[in-house]
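Sequence lines, in order, name chains W and C.
This note's numbering applies: residue 12 is where the first sequence begins, and numbers increase by one.
This note's numbering applies: residue 1148 is where the second sequence begins, and numbers increase by one.
Worth flagging that the hints you see were computed from the coordinates, not collected in a lab.
You may find that some hints are simply not true.
Subject to a maximum C-alpha distance of 35 Å in a straight line, what follows is the list of computed DSBU-like cross-link-like pairs (lysine-lysine) [as the list claims (entries may be wrong)]:
1. C/Lys1415 - W/Lys233
2. C/Lys1430 - W/Lys233
3. W/Lys233 - C/Lys1407
4. C/Lys1415 - W/Lys228
5. W/Lys165 - C/Lys1183
6. W/Lys72 - C/Lys1407
7. W/Lys165 - C/Lys1487
8. W/Lys228 - C/Lys1488
9. C/Lys1333 - W/Lys228
10. W/Lys72 - C/Lys1487
11. W/Lys209 - W/Lys233
12. C/Lys1464 - W/Lys233
13. W/Lys228 - C/Lys1183
14. W/Lys163 - C/Lys1407
Chain C is faced by these chain W residues, among others (derived, beta-carbon under 7 Å) [unchecked claim]:
15. Glu67
16. Ala93
17. Leu175
18. Tyr190
Positions of the beta carbon are idealized from the N, C-alpha and C atoms, including for glycine.
These are the residues of each chain, in order.
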Amino acid sequence: MINLLNKLTIITGHYGSGKTNIAVNLALDLKKMGKEVILVDLDIVNPYFRSADFTEELEAKGIEVSAPVYANTNLDIPALTAAIGQAIVQREKYVIVDVGGDDAGAAALGRYSEDIMARDYNMFYVINRYRYLTRDAEEAAEILSEIELMGKVKATGILNNSNLSYETSVEDILSCAAYAEEVSQETGLPIAAHVIRKDLLAQCPLERTYGVDIFVKPVWEKKQDSQDS
Amino acid sequence: MKGNEALAEAAIRSGCRHFFGYPITPQTEVAAYMAKRMPKIGGTYMQAESEVAAINMILGSASAGVRAMTSSSSPGISLKGEGISYIAGSDLPCLIINVQRGGPGLGGIQPSQADYWQATKATGHGDFQILVFAPSTVQEMVDTVADAYDMAEKYRMPAMILADGMLGQMMEPVVFEDKEYVPAEKPWATNGHGFKRERNVTNTLYLTPNELEKRVVDRFKRYEIVKENEPRVECLGTEDADIIVVAYGATSRIVKSAVKSAREQGIKAGVIRPITLWPFPDKAIAAAADTAKAFLCVEMSMGQMVDDVRLAVNGKKDVHFFGRTGGVIPTPAEVLEQIKKIAGGVK
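Based on the sequences and whatever the hints tell you, model everything.
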């Protein structure tokens, strides 16, 4: 999938569908391929578990991060910077846009829709069958149409990110393949990839997979600093 | 599910059909979920004009005998304080969610545990207690909701689930038990006497001091039964532990991670995690004080629960404290460092 990406990739979906984790993985993978990458955190709805959380480690790897002015402060204000617009307009670098959840999050996308529609782009709709409100294909299609209406951008593909967090088994993933197909039929969008944790990838017989590391997790699941000497 | 969504769904499955709230970060998903679900199942969702209005709607519906719920975050709970006092003074059961954020004042929107004192000692004015539950996983939040309702009805007192911004916002897999809610008999409910019984009255005003005193004293007798029977606690590796780390909620998960590392490095550490903050599991801590060499209390506050830990330890051992506040979350590495520091002293 990563080899087929246009320079502009937009990640949308329901709250908690896994957009940020996918966005961070894509940014890192593109960078590994030697591309210049900008990760745009466009989440103006939910101030937690967002791309801006990873600014330090991404910048250390040479990835630019553009986020709303007050991201990760106590000021819960959806102020977008000119740098975000610039990132979407420029054609030199690869841009990953991590949009907020549902149509409320997609409202910020509407601000840039003319610039987006004027160029080649991918807009992925991330689905997780284990999330409430997107448990069947019809519900999932309904949320996508709300996102497209508010964001004024048409989606181009589906990323099936069905998972049960740290409890995810290969069976859990396989049992959602049919669901992803149904969402695909319901929305008329192709499945761009089944997103699968890297350690489960080898056991997964699905075609079109995208292996990811898990970056979005609580502090106690993160590796401890090696400062305890 | 997100912690906040899980709380809302669990309440619905426990028979809650009346939700009154007002949005505030980081608990807004509770209200958003209720707004979407309640109309579909014949329930009532109302966004009140303020937290004060919402808690008084809870007073009314609790008085009518239905399972009602409100939720907020720290500053909003302060506003509800007066109403909570009225509900406690009326001997009514209800469920209040506090997804704590940094304070005081407007504070911040990041996780905190600085409302421990408020929840366990001073939710409002007057002589009263409420039940306070402190789940530490999204699954436990789900399981706690039904228990909190049952216990609130059994003892006719308000129950609070004291969560924090971390638990409310994080996602974990959850399982909902298929348990049908059977409403308990509530002969005290003000739901219409139909000329078949004496009328019931919900009231907190008593005309003579003696009458009021008797009410309060009777209520406190009930609290003694609660304190005797209902404390809940999780103890991990306390039998042989030299250092016992006490923590609740999300912090307990950071602590468990640190204690595991300490054990790997040869330090005998254990965890006591209060699951009910009121009634406080003081017996479990007192018992551990006979065998452990030192205690460390870790909180996302300047040190509030540590007071109750010290009371339970009763001077038998040193009780140390480590906390981060203002929305800063302690890391497992920081906690481990504290454990090592204490271990250096007790060996």
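Against the structure, the hints:
In summary, the hint linking C/Lys1415 to W/Lys233 is supported, as the alpha carbons are separated by about 23 Å, within the 35 Å threshold. For the given pair, C/Lys1430 sits about 34 Å from W/Lys233 by alpha-carbon distance, which is consistent with the 35 Å threshold. Our distance criterion of 35 Å between C-alpha atoms is met by W/Lys233 and C/Lys1407, whose separation comes to about 14 Å. For the proposed pair C/Lys1415 and W/Lys228, the alpha carbon gap of about 28 Å is at most 35 Å, so the pair holds.
At roughly 26 Å between alpha-carbon atoms, W/Lys165 and C/Lys1183 fall within 35 Å of each other, so this suggested pair holds. Taking the CA atoms of W/Lys72 and C/Lys1407, the gap is near 31 Å; set against the 35 Å cutoff, the hint holds. In summary, the hint linking W/Lys165 to C/Lys1487 is not supported, as the alpha carbons are separated by about 56 Å, beyond the 35 Å threshold. Only pairs whose Cα atoms come within 35 Å are accepted, and W/Lys228 paired with C/Lys1488 is accepted, the gap being roughly 28 Å.
Between C/Lys1333 and W/Lys228, the direct Cα distance comes to roughly 44 Å. Violation of the 35 Å bound is thereby established for this hinted pair. Taken as a hint, the W/Lys72 and C/Lys1487 pair is honoured in the structure, with Cα atoms around 34 Å apart against an allowance of 35 Å. With a C-alpha separation of about 17 Å, the suggested pairing of W/Lys209 with W/Lys233 holds against the 35 Å cut-off. Annotation: proposed proximity of C/Lys1464 to W/Lys233 holds, straight-line Cα distance about 33 Å (limit 35 Å).
Note on W/Lys228 and C/Lys1183: the hinted pairing holds, with a Cα-Cα distance of about 27 Å set against a maximum of 35 Å. Restraint check for W/Lys163 and C/Lys1407: not satisfied, since their Cα atoms lie roughly 50 Å apart, outside the 35 Å limit. With 7 Å as the threshold, the beta carbon of W/Glu67 stays out of range of chain C, its nearest partner Cβ sitting at about 15 Å, so the hint is violated. Hint status for W/Ala93: violated, given a least beta-carbon distance of 25 Å to chain C, over 7 Å.
The criterion of a C-beta within 7 Å of any C-beta in chain C is met by W/Leu175, whose closest approach is roughly 4 Å, and the hint holds. Look at W/Tyr190: its Cβ only gets to about 17 Å from chain C, farther than 7 Å, so that hint breaks.
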